[in-house]
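**Student:** Sequence:
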Amino acid sequence: MTDATPPVDAPPPTNGSDHTPLSNGTNGHSSALHSSKSNWDGKLRVAKTATLANPQALTDPDYSDDSDAPPPDQIAADEDLLENEDPETEEIDAQHSRITSIPALKLERFGKLRRLCLRQNEVQRIELPESLAGTLEELEVYDNLIKRIEGLDSFTQLKTLDLSYNKLKHIKNVSNLTKLTHIYFVQNRISTIENLSTLTNLTYLELGANKISKIEGLETLVNLQSLWLGQNRIAKLEGLDTLTNLRSLSIQANRLTSLEGLENLPQLTELYVSDNKITSLAPLASNPHLQILDFQTNPISSLAGLEGLSELENLWASNCEVESFAEIERALKDKAKLEEVYFEGCPVQKMGPVMYRNKVRLALPQVKKIDACEYPCLMSIIGNG
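In terms of the numbering used here, the sequence shown opens at residue 1 and continues consecutively.
Heads up, simulated DSBU-like pairs for lysine-lysine below, C-alpha to C-alpha not over 30 Å straight-line: (1) Lys179 - Lys169; (2) Lys172 - Lys214; (3) Lys159 - Lys214; (4) Lys335 - Lys369; (5) Lys277 - Lys169; (6) Lys277 - Lys211; (7) Lys236 - Lys277; (8) Lys350 - Lys277; (9) Lys179 - Lys106; (10) Lys277 - Lys335; (11) Lys169 - Lys106; (12) Lys112 - Lys159; (13) Lys172 - Lys211; (14) Lys211 - Lys179; (15) Lys277 - Lys333; (16) Lys359 - Lys335; (17) Lys172 - Lys112; (18) Lys350 - Lys337; (19) Lys350 - Lys335; (20) Lys368 - Lys335; (21) Lys179 - Lys112; (22) Lys159 - Lys172; (23) Lys359 - Lys369; (24) Lys159 - Lys106; (25) Lys359 - Lys337; (26) Lys369 - Lys337; (27) Lys236 - Lys211; (28) Lys159 - Lys211; (29) Lys159 - Lys179; (30) Lys368 - Lys350; (31) Lys236 - Lys172; (32) Lys369 - Lys277; (33) Lys333 - Lys369; (34) Lys169 - Lys214; (35) Lys333 - Lys368; (36) Lys277 - Lys214; (37) Lys236 - Lys214; (38) Lys333 - Lys359; (39) Lys236 - Lys169; (40) Lys337 - Lys368.
In short, the hints are calculated from the structure, not lab data.
Produce the entire structure from the sequences given, and follow the hints as far as they go.
**Tutor:** Put into structure tokens, the structure is as follows:
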């Protein structure tokens, strides 16, 4: 998050400038850390070592009230933090600098600015000089105090917009930004996916850790490749049928009970649905190109539905209800590309923890890693057994 946490997620991401897919910085549902091909662990896009300048945003439901803004007398007047920057620079990174006002940065002097990063500050409003509208392509105002998207109408060259960890309740005023390819709105208070229909160049959308209850408003985003919706309130997989180029989907830590609704996603290669109430994998028979599948912490006992997934490389099934080695062998033995499996916390592991990895190794000789134990370790276990 993808999305990647739950990405929150989430989610992600190696796309964009220096975005780093974050591990679950907010809820830690999974017992083991796993990495996708993009080096994303299927959780949130915030490194575990990251610190929030405004940590109360994670727990206080009323944090978006005006009264939560730091009193002016507690914030030192902004200095000219950029006085030593080269006027010809194309990138400014002013993280964790207690910036309260964008105009105070006098950005108009940087006529070639392409990327502006103001992460972990105390900015309440997006106020950019119009002179940057023709050059600015990446804007990161992650972990600030922003309550609404505004002031960006003329910034039509933007390709990446990161407003994660703010106080947004709505997605508004982005319709003009048709060159956007990456949007990150993680950990806000957004309840509806809206006003994105004109952003047909979007390839990456991360909305993990919000209050979204329905997947909607994505019909025109036919170029979308990655969608991260971990840690929301979604109960049904819907509104995805037109996303035929989607490759990565994260809906971890939601309220799903079924995987019905993925049948029209022919390019799907990564699916993260851990921490839900899903009982069956049968619908995945229509997604034969899946390479990474994470369904940890769901009441799933049968692996039926995986038979046709010949491209499968990573399977994360920790803390499910799988109790039979025969079931594991039946569903997975013929998967020649399978390299990594996780069944820790399942009955099949709890019933015989000492010999568990040995038995999985014998059932799946092609696998190189079992519950984070790699091949040399496995050989040692087998030899000692």
